Amino acid sequence: MAKLTDLAQALVNLEKERVNAIVEDKLKKGILPLEIVKELNDGMIEIGERFASCEYFISELLYSSHIMKEIMERLEPLFGQTDLSESGNIVVIGTVKGDIHDIGKNIVVTLLKNAGFRVIDMGIDVPADQFAEKLKETGAKALGLSCLLNIAFQEMKNVVDTLRRTGIRDRVKVIVGGQPTDEKVREYVGADYYAPDAVAGVKICKEIYTEQ
Amino acid sequence: MSDEIQQRFEERLARYQATIALEPTDRMIVGGTGSNYFAEVYAGYTRQEIMYDINKWMAAESKFAEDFPEIDMLRSGRIWAPIFDSVGFKLYRLPGRDLPANTDFQFVEGEWMKADEYDLLIKNPIEFLMEYRLPRVLGELKERGSARSYMAFLKGGMAYMLMAQVMRERVLNLEKKHGLPQPSQGVILAPFDTLADGYRGLQGIMTDLFERPDKVLEACDALIPDSVNCSLMTADPLKRYPIFIPLHRGNHPFLSPKQFETFYWPSLFKALTLLLEAGYTVRAYLEGDWTTNWHHWNQFPRGKILCDIDNKADISRAKKEIGNNVCLAGGILDRMFIFGTPEEIRSRVKELCETAGKDGGLILNGGCGIPYSTKPENFRAYIEATLEYGKYSDTVKPKLKKAPPPSVAKIPSPRVITPWEVKLKELGGVTGDETLIKGIWQMSEQRAFCWLRFWDW
Chain A
3 MAKLTDLAQA LVNLEKERVN AIVEDKLKKG ILPLEIVKEL NDGMIEIGER
53 FASCEYFISE LLYSSHIMKE IMERLEPLFG QTDLSESGNI VVIGTVKGDI
103 HDIGKNIVVT LLKNAGFRVI DMGIDVPADQ FAEKLKETGA KALGLSCLLN
153 IAFQEMKNVV DTLRRTGIRD RVKVIVGGQP TDEKVREYVG ADYYAPDAVA
203 GVKICKEIYT EQ
Chain B
126 MSDEIQQRFE ERLARYQATI ALEPTDRMIV GGTGSNYFAE VYAGYTRQEI
176 MYDINKWMAA ESKFAEDFPE IDMLRSGRIW APIFDSVGFK LYRLPGRDLP
226 ANTDFQFVEG EWMKADEYDL LIKNPIEFLM EYRLPRVLGE LKERGSARSY
276 MAFLKGGMAY MLMAQVMRER VLNLEKKHGL PQPSQGVILA PFDTLADGYR
326 GLQGIMTDLF ERPDKVLEAC DALIPDSVNC SLMTADPLKR YPIFIPLHRG
376 NHPFLSPKQF ETFYWPSLFK ALTLLLEAGY TVRAYLEGDW TTNWHHWNQF
426 PRGKILCDID NKADISRAKK EIGNNVCLAG GILDRMFIFG TPEEIRSRVK
476 ELCETAGKDG GLILNGGCGI PYSTKPENFR AYIEATLEYG KYSDTVKPKL
526 KKAPPPSVAK IPSPRVITPW EVKLKELGGV TGDETLIKGI WQMSEQRAFC
576 WLRFWDW
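Going line by line, the protein sequences match chains A and B.
Positions 3 to 214 (the numbering used here) are the ones given, in order, by the first sequence.
Positions 126 to 582 (the numbering used here) are the ones given, in order, by the second sequence.
Hint data in this document are derived by calculation from the structure and do not stem from the laboratory.
Hints should not be assumed to be uniformly reliable.
The list that follows gives simulated cross-link-like pairs (lysine to aspartate or glutamate, DMTMM-like), each with its CA atoms no further than 25 Å apart [stated by the list, open to error]:
hint	chain 1	residue 1	chain 2	residue 2
1	A	Lys18	B	Glu469
2	A	Lys186	B	Asp439
3	B	Lys383	A	Glu48
4	B	Lys239	A	Glu185
5	B	Lys215	A	Glu48
6	B	Lys437	A	Glu185
7	A	Lys186	B	Asp241
8	B	Lys239	A	Glu57
9	B	Lys383	A	Glu57
10	A	Lys18	B	Glu236
11	A	Lys186	B	Glu236
12	A	Lys71	B	Glu502
13	A	Lys186	B	Glu476
14	B	Lys437	A	Glu17
15	A	Lys18	B	Glu476
16	A	Lys18	B	Asp414
17	A	Lys159	B	Glu476
18	A	Lys186	B	Asp210
19	B	Lys437	A	Glu19
20	B	Lys383	A	Glu17
21	B	Lys500	A	Glu48
22	B	Lys239	A	Glu19
23	B	Lys437	A	Glu72
24	A	Lys208	A	Glu41
25	B	Lys340	A	Asp127
Quick caveat, the model's predicted, so the values are computed rather than measured.
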């Protein structure tokens, strides 16, 4: 990766005040908010890399999201109607019905966004037919199913069955992940991929869109 | 209790105590899980029925004990839902109330303490709880000073006492009717988890690590004395059973090893050391993957702690790295119980009995529990294989341990709202036997105080 700008580096170093100061300075100089966001995205990509190599942990990941969130609150009103989602690579993701846990899913969402995907986060406790509808509506080729509880295995299987029933199974790759999952669970559920961690999930999404 | 049941109870308890102490036993513990979710649903009741109807809960446990008489202990479920309803506790979604009747209860992540409230918590935890946190987490208190809010305190207090009675009845049913001891009694949370779970929330605490690290440390230390005292109040007075601690955010990759050593471990170590000094053992659920951090458990005295190892970590590695100092539980993946086969279970049990478990100090279990959707034939295979391959000796007969003498010198005095001395002054002295009045006054004050902390998570 090319050398990071001062702004991106400040974000990677988790220096919130410095990030804020550089952003304000750039705005004063008339630099477009979209340009600023691009620099910050480079920083977020580097943070994702550091998380992947165990140099950073969820603590750093969540803190960087916190810094980004505050900056975006500052920048968003300045965007006007600009569409920020540039990528056509869509990932639909959610925690399956019966499970309301979302920490793991949110980490995957952060990393996917950092990696340039357009992420449709369905939230928690999502019924199978809603996944199917959203996949039809958006044409997404990747579906991430998350769970923390082992009671969710059956529901994950139900989602895959629903995709089959509604005739879209063949055009969607299904990834399962979450604390109690493993390769055997993937097999039971009938999914295409098992992601042992958030970083692996992002890698799989990249593979899905590269293959296609 | 018949002599036979009493004898069975004592044998099982002695086996459990010896296993935790890393002493020789006759065989491996069977069904030594701290959370037998399978037992909750095996009899066919819904999760809602178990959480709301104590008779069904007890009937479910009896049915399980009768159908699997080989198990050495039983604890199914931990929530008696009416206490949550009494005050409108917002941190859980419950089956039959907010979720389908047959879905597991679930924790609701949220921010219940603001970033600028650390000093209030550190300097005056009671004022902080009463004025700020409880009105946020207890929905029935939303209109402060209203009749409904006063009633909520009353109902919540009544429910607290009723719950203690319900739990006592359950425990006695298992002990007297089925000769089954408890895997734990009494509970404590790691100070960092208290902050992270029910106070600041995950996003909040992770932000605080960077923006106000000193306050996090001060708050963790400030929480220790009350956490310890309130857990001692609910622990087994005879000190037969370990005190339970579920550990939530100490695993990889929530915190870096350095953050773990700085923020998570010191206050946890201090709190658990106080419990050990009070004569208790501890059963800790190392939830998630603790591989990078579990070596810290070697700092405790040998044979006082039982660590449950979760699905994501390797029990054999845990045995090598901490198994000489703490007893371990785990080794059978949840999914094996759920959709594995009896042959798979048998083969896994055999493998562990011949390797990690061959010298004792290991209780075969799922990842911190036996899953709800366990197939009965898999649980049966687990029992039979453990009995077949987990035998150590025909001659060793562990003996019940006597409760260690109290060494509570280092334990801070329980905090209360109105100490007896204050009340006595207000009364201007008493005319009769002061001890009669003082004893019950203090006990009520201490219990009421712990009621305030009951809503931590």
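These are the hints, each one checked on the structure:
Taking the CA atoms of A:Lys18 and B:Glu469, the gap is about 52 Å. The hint is violated against a cut of 25 Å. Our distance criterion of 25 Å between C-alpha atoms is met by A:Lys186 and B:Asp439, whose separation comes to about 17 Å. Note on B:Lys383 and A:Glu48: the hinted pairing holds, with a Cα-Cα distance of about 21 Å set against a maximum of 25 Å. Between B:Lys239 and A:Glu185, the direct Cα distance comes to roughly 41 Å. Violation of the 25 Å bound is thereby established for this hinted pair.
The hinted pair formed by B:Lys215 and A:Glu48 fails the criterion: a straight-line CA distance of about 38 Å is larger than 25 Å. Note on B:Lys437 and A:Glu185: the hinted pairing holds, with a Cα-Cα distance of about 13 Å set against a maximum of 25 Å. For a cut-off of 25 Å, the pair hint linking A:Lys186 to B:Asp241 is broken: about 46 Å separates their Cα positions. Only pairs whose Cα atoms come within 25 Å are accepted, and B:Lys239 paired with A:Glu57 is rejected, the gap being roughly 29 Å.
The hinted pair formed by B:Lys383 and A:Glu57 meets the criterion: a straight-line CA distance of about 11 Å does not exceed 25 Å. For the suggested pair A:Lys18 and B:Glu236, the alpha carbons sit about 21 Å apart, so the restraint of at most 25 Å is met. Restraint check for A:Lys186 and B:Glu236: the C-alpha separation of about 36 Å exceeds 25 Å, so the hint is violated. Taking the CA atoms of A:Lys71 and B:Glu502, the gap is near 50 Å; set against the 25 Å cutoff, the hint is violated.
Taken as a hint, the A:Lys186 and B:Glu476 pair is honoured in the structure, with Cα atoms around 19 Å apart against an allowance of 25 Å. Restraint check for B:Lys437 and A:Glu17: not satisfied, since their Cα atoms lie roughly 33 Å apart, outside the 25 Å limit. Between A:Lys18 and B:Glu476 the alpha-carbon distance is near 51 Å, which puts this suggested pair outside the 25 Å criterion. Among the hinted pairs, A:Lys18 with B:Asp414 is inconsistent with the structure: their alpha-carbon atoms are about 30 Å apart, more than 25 Å.
Between A:Lys159 and B:Glu476 the alpha-carbon distance is near 30 Å, which puts this suggested pair outside the 25 Å criterion. At most 25 Å may separate the alpha-carbon atoms for a hinted pair to count; A:Lys186 and B:Asp210 exceed this at roughly 39 Å. Taking the CA atoms of B:Lys437 and A:Glu19, the gap is near 37 Å; set against the 25 Å cutoff, the hint is violated. Taken as a hint, the B:Lys383 and A:Glu17 pair is honoured in the structure, with Cα atoms around 19 Å apart against an allowance of 25 Å.
Restraint check for B:Lys500 and A:Glu48: not satisfied, since their Cα atoms lie roughly 45 Å apart, outside the 25 Å limit. For the proposed pair B:Lys239 and A:Glu19, the alpha carbon gap of about 20 Å is at most 25 Å, so the pair holds. For the hint linking B:Lys437 to A:Glu72, the alpha-carbon distance of about 34 Å lies beyond 25 Å, and the restraint is violated. Taken as a hint, the A:Lys208 and A:Glu41 pair is honoured in the structure, with Cα atoms around 21 Å apart against an allowance of 25 Å.
Taking the CA atoms of B:Lys340 and A:Asp127, the gap is near 35 Å; set against the 25 Å cutoff, the hint is violated.
Of the numbered hints given earlier, the model fails hints 1, 4, 5, 7, 8, 11, 12, 14, 15, 16, 17, 18, 19, 21, 23 and 25; all others are met.
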